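Trainee: Now for the letters of each chain:
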Amino acid sequence: MKQDNTLKLVKVLTLICVISAFSLALIYNITKEPIAKQKRLEMIRAIKSVLPPCSVNDPLKDKITINKKDIFIGKNKNGKICGVAFKVYSNEGYGGTIEIMLGIKTKNDSINGIEILSMSETPGLGAKITEKWFKDQFKNRNLKNTVWKVKKDGGDIDQISGATISPRAVTKAVYNGLKFYAKNKNKILKK
Amino acid sequence: MEYKREFTKGLWDLNPTFKLVLGMCPTLAVTTAAINGIGMGLATTFVLVCSNIVISLVRNFIPKKVRIPAFIVIIASFVTIIDLIMAGYFYELHKELGLFIPLIVVNCIILGRAEAFASKNNLIASFFDGLGIGIGFTISLTVLGAIREILGNGTLFGAHVMAYNYVPIIVFILPPGAFITLGFLMALMNKIESSRK
Chain A
44 MKQDNTLKLV
54 KVLTLICVIS
64 AFSLALIYNI
74 TKEPIAKQKR
84 LEMIRAIKSV
94 LPPCSVNDPL
104 KDKITINKKD
114 IFIGKNKNGK
124 ICGVAFKVYS
134 NEGYGGTIEI
144 MLGIKTKNDS
154 INGIEILSMS
164 ETPGLGAKIT
174 EKWFKDQFKN
184 RNLKNTVWKV
194 KKDGGDIDQI
204 SGATISPRAV
214 TKAVYNGLKF
224 YAKNKNKILK
234 K
Chain B
8 MEYKREFTKG
18 LWDLNPTFKL
28 VLGMCPTLAV
38 TTAAINGIGM
48 GLATTFVLVC
58 SNIVISLVRN
68 FIPKKVRIPA
78 FIVIIASFVT
88 IIDLIMAGYF
98 YELHKELGLF
108 IPLIVVNCII
118 LGRAEAFASK
128 NNLIASFFDG
138 LGIGIGFTIS
148 LTVLGAIREI
158 LGNGTLFGAH
168 VMAYNYVPII
178 VFILPPGAFI
188 TLGFLMALMN
198 KIESSRK
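Chains A and B, in that order, give the protein sequences.
For the first sequence, the working numbering begins at 44 and goes up steadily by one.
For the second sequence, the working numbering begins at 8 and goes up steadily by one.
Quick caveat, the hints were computed from the structure, so don't treat them as lab data.
Just so you know, not all the hints are guaranteed correct.
[As the list claims (entries may be wrong)] Subject to a maximum C-alpha distance of 30 Å in a straight line, what follows is the list of computed DSS-like cross-link-like pairs (lysine-lysine):
hint : chain 1 : residue 1 : chain 2 : residue 2
1    : A       : Lys51     : A       : Lys112
2    : A       : Lys112    : B       : Lys102
3    : A       : Lys54     : A       : Lys130
4    : A       : Lys150    : A       : Lys178
5    : A       : Lys171    : A       : Lys182
6    : A       : Lys194    : B       : Lys102
7    : B       : Lys198    : B       : Lys72
8    : B       : Lys102    : A       : Lys178
9    : B       : Lys26     : A       : Lys51
10   : A       : Lys82     : B       : Lys102
11   : A       : Lys54     : B       : Lys72
12   : A       : Lys120    : A       : Lys106
13   : A       : Lys215    : B       : Lys102
[What the hints assert, rightly or not] Not close to chain A: a few residues of chain B, all C-beta gaps over 10 Å, as computed:
hint : residue
14   : Lys102
15   : Leu110
16   : Ile180
Nothing here was measured: the structure is a model prediction, and the numbers come from that model.
The beta-carbon is built from N, C-alpha and C at its ideal position, and this holds for glycine as well.
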């Protein structure tokens, strides 16, 4: 009697799991392309918004890779490089990884803009890193004209009241991005 | 139709947030803005209705001993489905709610209604039960989120609704503010009820 019971338990649970796995695989396949499309669209939006206005090409076509990092090149109408955009990230966000698209003007090596691609910071607090005033303060900054820390730590970057960790993470990520650009500038501009 | 009762009970008498006090984790964490409240509420409603329907349909086939693992597999499947659908078609909202969408699995409301109702009632009743409790949850979260957003951020659904020199009371978008607002709303509901009697 007991054996029948156990066998029935196993059969029922297995059946439920099989149906569940099948349904999930189905939905996964249906949503795979829409999800990939959304991520692509978001990245394109970010790249276009951080590259300087002089770029008129399709940055996705002019992409180079250095140390496994994709760098999107912006060229002006004469075909000369006028800006670059690439992803930087920090694992030190309050809620985890923060992904940022950084755009640099090649004529003076300073920042044209940043876009937050993904973050899990607290709404109303750390999430304010996506607000215009926070992102705009990075414009025209470079390695020489800025102390790359938040004001609380003695630097030049405005933090958010009640949320220092998120701005700190963004600052560090952007700073690392600038350093990466400076280190590889010759390689980038040659291509 | 007697099914009307199964629907309306979730809106007030059996309101999951203020009466059953279930699903507190997403309730407190996600209601920092009204739109998040609506998004989370609707996603949860979808899962609740679907899981109630399926569990009610198979209620006579699941042996009592394995009902909890069975319910959880069913619930987790629907949560994954809504997570994928939101990532594909509601990208902005999906980004906003982030981690809390998969956490719908452990929202006690869903397992609670599966155990207390769907596993013991017919399909139509279970459908209306899930719908009523889900909509009740959505309304509760939206009200909670709206109050916290207005007081703690000066906006409602992203639009400025307070005077420009309004200094937001930040505590309302922090965890303590969630508890405080919840407490006041609960007290208000109890007051309304006792004054009706």
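Trainee: Quick one: which hint numbers does this structure break? Sort them smallest to largest.
Mentor: 1, 3, 7, 9, 14 and 16
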